[in-house]
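Asks: For the sequence shown, our numbering gives the first residue as 436, with consecutive numbering after it.
Calculated directly from the structure, the hints in this document are not laboratory data.
Hints may contain errors.
[What the hints assert, rightly or not] In the BS3-like style, the derived pairs of lysine-lysine whose C-alpha atoms are separated by at most 30 Å in a straight line are: (1) Lys479 - Lys580; (2) Lys480 - Lys537; (3) Lys480 - Lys511; (4) Lys532 - Lys480; (5) Lys580 - Lys511; (6) Lys479 - Lys537; (7) Lys479 - Lys532; (8) Lys480 - Lys580; (9) Lys479 - Lys511; (10) Lys504 - Lys537; (11) Lys504 - Lys532; (12) Lys580 - Lys504.
Just so you know, these numbers come straight off a predicted model, no measurement behind them.
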Amino acid sequence: MGLLFFILWIIFNGRITVEIVLLGIAVSGAVYAFCCRFLGYSVKKDLFLMSRAGYVLIFLGILIWEIIKANAATCKLILSPHNRVDPVVVRFRTGLKSRVAKVLLANSITLTPGTITVALEGDTYTVHCLDRQFGEGLENSIFEKYLARIEGSISGGNEFSNTL
Numbered sequence: 436m437g438l439l440f441f442i443l444w445i446i447f448n449g450r451i452t453v454e455i456v457l458l459g460i461a462v463s464g465a466v467y468a469f470c471c472r473f474l475g476y477s478v479k480k481d482l483f484l485m486s487r488a489g490y491v492l493i494f495l496g497i498l499i500w501e502i503i504k505a506n507a508a509t510c511k512l513i514l515s516p517h518n519r520v521d522p523v524v525v526r527f528r529t530g531l532k533s534r535v536a537k538v539l540l541a542n543s544i545t546l547t548p549g550t551i552t553v554a555l556e557g558d559t560y561t562v563h564c565l566d567r568q569f570g571e572g573l574e575n576s577i578f579e580k581y582l583a584r585i586e587g588s589i590s591g592g593n594e595f596s597n598t599l
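Kindly generate the complete structure, drawing on both the sequences and the hints.
Replies: Below is the structure:
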């Protein structure tokens, strides 16, 4: 997080000089110390998140690809004069354990066009789908599989739920 503060300092200044770098180190260090003291950040949590950065990048790639595919399917459904829209509400259960993973799954579903997560109660999701075909792959979606893999790689999901 401290490195991110320093990078933002450099970007916002627009140039690099010795004075800007030294003042940036001091200011970003002070802001990071404030965040550690009052907002619950720590070097340990930052290192843990950095070790999982690869998982996050892969998940973002999967999310972007699924958004592109859902955009194409939604456009095809809407623009085709022969297709009739058949909205449906789908309920399914997940095997994800941590609250963070469940919320990430709900938000990933909502970000893909044609689906909106209406409710998340315990392990049960309620999703409104623009068409019946959009609801067919929700129960064992690629999002859920990858989030389960992330949970499995992080000792039982406890650190995953406590870190974020």
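Asks: So which hints don't hold here, by number, going up?
Replies: 3, 9
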